[in-house]
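Enquirer: Residue numbers are given in my numbering: position 35 of the sequence shown equals residue 782, and the series is strictly consecutive.
The reader is advised that the hints may include incorrect statements.
Listed next, with one range per pair, are the computed distances between beta-carbon atoms [what the hints assert, rightly or not]: (1) 978 <-> 1087: 32 to 40 Å; (2) 1272 <-> 1190: 29 to 37 Å; (3) 1434 <-> 1492: 53 to 61 Å; (4) 1292 <-> 1087: 46 to 54 Å; (5) 946 <-> 1181: 24 to 32 Å; (6) 980 <-> 801: 49 to 57 Å.
Treat the hints as calculated values from the structure; they're not laboratory data. Just so we're clear, the structure is a prediction, and the values are computed from it rather than from any experiment. The C-beta atom is built at its ideal place from N, Cα and C for all residues, glycine as well.
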Amino acid sequence: MQKLLKILLGGLLVCVALVVITAVIITSVIDPNDYKGEIESTAAKQGYPIVIHGDLAWQWFPELGISIGKTELLVDDSQQQAFASISSATASVQLLPLIKQEIIVKTVELVGLKTHLEIDKNGTGNWEVFIPESDDTTADTQVNTTNSSSASPLSLEAETIRIRDAAITFADQQSQLNANLNDFDLIINNLNLEGKSFPVESQWQAGVSGGDFPQPVKFAGSLTSKITLSDDFSAAELADSKLAVLIENTAAAVSESIVTEFSLAANSIDTNPAINGRVKIDPFNPKNIMKALGLEAIETQNSEALTRVGLNLNLEGNQNDLTVGQINLALDKTNVTGNLSVKDLSQIALNLRGTQLNLDDYLPPESSQETTQINTASAENNNESNSDEALDLSFLDEYAANVDIAFEALTANNLTFNKPTFKFNAGNGKAAIEEASLLLQGKKIAVTGDINKAQQFNAKVTVPTLNASQLMTDFGIEKPEMSDPKALTQVAATLVAKGTPQAIKIPTIDLLLDGTKVTGTAELKTLNSLTVNLNGGKLDVDRYLPEPVKETETNNNQASNTASSEPEEPLPFELLSDFNADVNVNFEQIKVTNLAFDNFKFSANNQNGLAVLRNFSADFFQGTLASKGRLDARATPAKLSLSGNGSGIAMEPLLEALSEEPATTAQQFLIRGLANGNFSSNTQGNTVTEMFENLNANVNANTQALQLVPINVEKMVCQAIALVQGDSFNTEFNWPEITKMQEFAAEITFANQVANIKTLSAGVQQINLGANGKVDLKNQTLDVRMPFSVTQADLETQGCPITNDYLVGKALSLVRCKGDLTNPLAACGIDNRAIRELVKDFAEDKAKQKLAEKTKKQRDKFDQKKNEFREKIDDKLGEGASKLLEGLFKRDKDN
748 MQKLLKILLG
758 GLLVCVALVV
768 ITAVIITSVI
778 DPNDYKGEIE
788 STAAKQGYPI
798 VIHGDLAWQW
808 FPELGISIGK
818 TELLVDDSQQ
828 QAFASISSAT
838 ASVQLLPLIK
848 QEIIVKTVEL
858 VGLKTHLEID
868 KNGTGNWEVF
878 IPESDDTTAD
888 TQVNTTNSSS
898 ASPLSLEAET
908 IRIRDAAITF
918 ADQQSQLNAN
928 LNDFDLIINN
938 LNLEGKSFPV
948 ESQWQAGVSG
958 GDFPQPVKFA
968 GSLTSKITLS
978 DDFSAAELAD
988 SKLAVLIENT
998 AAAVSESIVT
1008 EFSLAANSID
1018 TNPAINGRVK
1028 IDPFNPKNIM
1038 KALGLEAIET
1048 QNSEALTRVG
1058 LNLNLEGNQN
1068 DLTVGQINLA
1078 LDKTNVTGNL
1088 SVKDLSQIAL
1098 NLRGTQLNLD
1108 DYLPPESSQE
1118 TTQINTASAE
1128 NNNESNSDEA
1138 LDLSFLDEYA
1148 ANVDIAFEAL
1158 TANNLTFNKP
1168 TFKFNAGNGK
1178 AAIEEASLLL
1188 QGKKIAVTGD
1198 INKAQQFNAK
1208 VTVPTLNASQ
1218 LMTDFGIEKP
1228 EMSDPKALTQ
1238 VAATLVAKGT
1248 PQAIKIPTID
1258 LLLDGTKVTG
1268 TAELKTLNSL
1278 TVNLNGGKLD
1288 VDRYLPEPVK
1298 ETETNNNQAS
1308 NTASSEPEEP
1318 LPFELLSDFN
1328 ADVNVNFEQI
1338 KVTNLAFDNF
1348 KFSANNQNGL
1358 AVLRNFSADF
1368 FQGTLASKGR
1378 LDARATPAKL
1388 SLSGNGSGIA
1398 MEPLLEALSE
1408 EPATTAQQFL
1418 IRGLANGNFS
1428 SNTQGNTVTE
1438 MFENLNANVN
1448 ANTQALQLVP
1458 INVEKMVCQA
1468 IALVQGDSFN
1478 TEFNWPEITK
1488 MQEFAAEITF
1498 ANQVANIKTL
1508 SAGVQQINLG
1518 ANGKVDLKNQ
1528 TLDVRMPFSV
1538 TQADLETQGC
1548 PITNDYLVGK
1558 ALSLVRCKGD
1568 LTNPLAACGI
1578 DNRAIRELVK
1588 DFAEDKAKQK
1598 LAEKTKKQRD
1608 KFDQKKNEFR
1618 EKIDDKLGEG
1628 ASKLLEGLFK
1638 RDKDN
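Could you put the whole structure together from the sequences, leaning on the hints where they help?
Expert: Dropping the structure here:
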């Protein structure tokens, strides 16, 4: 046995010696430089003209190899321009495996590779000369395919493969883009196709300029990895890989690096490719990247936004399915985790969980945002004609999705929402929002709904009872001035909608506004036709309005507005032209400006700018109100007409409600009684002021048992009569501070901001009272005379004796209201001028009466003397003598 081993070992040594001797003889006798010309000729025939400037040399131990000096690849035979060149190249194989007919590459080294790529002005690349014709390519492909199918698995091993000091330049004469790759080094150790990992290291420098790059940009990079390849290349793996890239812009004085660590593995690449791995991108600054690349800067409201972005994730998938798991995204101060999966390229599942995200930070600055909004509005206007196009939801049959996204908090438009959640799924021709919710004041606001491919949808919005006033404070929203500090502290809503985008029905409207419940329905067609029906309980609108402005403040504001002389904003009548509506509102009670409208009913519609008030009615202070009207916004200026009537309205509580002063004040002017009336009006204009200035109206009113407080018209009349008669007024009489009118009727016209009292009549016991005059609303003045007539001569029981029949039944205008409209009580009193004129007339009449009385007395005295004389004659001459004498005297007088 020992002898046998010696023989085998001796034989092996002999074989090795023979191989070594053979290699020495070959490398010593054969000079590879003798074959330069043949090598160049063979390469040229293949379409690759080369020139070998350097020497070829053998290496025979411990491995067999060959090295080549400087070599160039020319563009074509007729040109000396080099397309590529190398400074040197070396390749060697292990010597001993050659005995077993195995080739094991020891070293492959390429030094100084230089390549220039260029696109000319016609768009042709200088490398295209090396691309074979299409037919040849097809033939070669077929041959290669045939050979590869029958060939055994490739055996490739190399201890070291290295590329040093490589450089590639690129120039595009069309775009003026220039790029370069310099100092490229690549080292591969222990390359094999046996499923064993081998390390790879590379580093490089690069740069770009011209083209779309306003400033030169430099790059520096490095890559390390452990690669595993199968013998048939059907499986590959890059493990423990790290790619680092530094981007630098010297002119902009900015640089930024991106470091990525990853591991990727692929299997069944040639049949059913599958991939899995992980990727980690260390946090980097995207703004610096954009700036370094010379791209348009990303402007954000928060300058710190988009300055720190990092990403971790796992990958797994094949040509139909993909799973991205353990996603960990760092976006500045926000962290987002989750996973994404895609199946059969049609089923998507996304699950994300995030911390607090402030969307406002990533919006453009306000100035840029305004420009964007203007551009967006312009685009919307340009695309307005397409707004009614139907949505194409047919993809719901082909694709499915399941989305679940939640954040701890989300800030948008300076409003922060807690626990925002969005759950969505789609498939089988239908998409559904399972939940879109957020927390406000610890309560969940939720939206749910679904839509199918026919665009039929269902939706529900639920808002629990919230303190809206506090929310506005928390969100920094300026609250409207409201008289009640508890207003908007309890607000809730539930809305249910269904239909299509072109016809939306809201069958359920449930609202809660500080104890007032409102229910109703609505319908919206083609986005410009609205029907609303609302029913509610008691609503005090005054709670949501500012405190009434005092008169002095109003005057000051009016004076200020007058001084500023700013043009008044026109009324938005164009909204009526672009929108049709039908509104019906019923409330148990609506209170506004301290006026309570019970059993409130409002019904109106608008069609293309013609708005019609079909009905407005309410129970109003023990009576009723009703009104109808019409507004034609199609005309220029717009035209408005309104008419209505009131019946049995209690005046005293109405005036108390309208008064700004407490009802208990002694000087409060009141009208008591039940009033009836009707009115008709019309006006035109484009502003509120124009509407008021052009208002024309007619009012007819009458009352039942009207009483004026604290005015006593009878007292005023008696004072006037006493002045006229020259009597003293009975101040001891207890005059009640009230005027009772049995009948009252009035007709008033309004034009040019002036109310004209055409007729006004009232009965006050034995006095018929009237009125005529003007009330100027523009100048806030009034001038109204109150003529009266006394129907009974004896008013002594009222402390008002009339001693002259001259005043009975005569129209007397002795009471006048003239002055400030805001204080009618002070403006009313005795008309002294009318008193003086009446006194003059009364004196003349009284003088006539005295003359008549004196004449009557003289006549009576004469008649008495005459009778006495007649008696004496009759006594002396006999009975009848006096008559005879009267007859004689009469005949003489006649003759």
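Enquirer: Now, for every hint given, state plainly whether the structure supports it.
Expert: Against the structure, the hints:
Residue 978 and residue 1087 have their C-beta atoms about 34 Å apart, which keeps the hinted 32 to 40 Å range intact. For residue 1272 and residue 1190, the Cβ-Cβ distance of about 34 Å falls inside the hinted range of 29 to 37 Å, so the restraint holds. At about 36 Å, the beta-carbon gap between residue 1434 and residue 1492 misses the expected band of 53 to 61 Å. Range check, residue 1292 to residue 1087: Cβ separation about 52 Å, and the 46 to 54 Å hint holds.
In this structure, residue 946 and residue 1181 break the distance hint of 24 to 32 Å, their C-beta atoms being roughly 50 Å apart. Separation of residue 980 from residue 801 is about 34 Å and departs from the stated range, judged on CB atoms against 49 to 57 Å.
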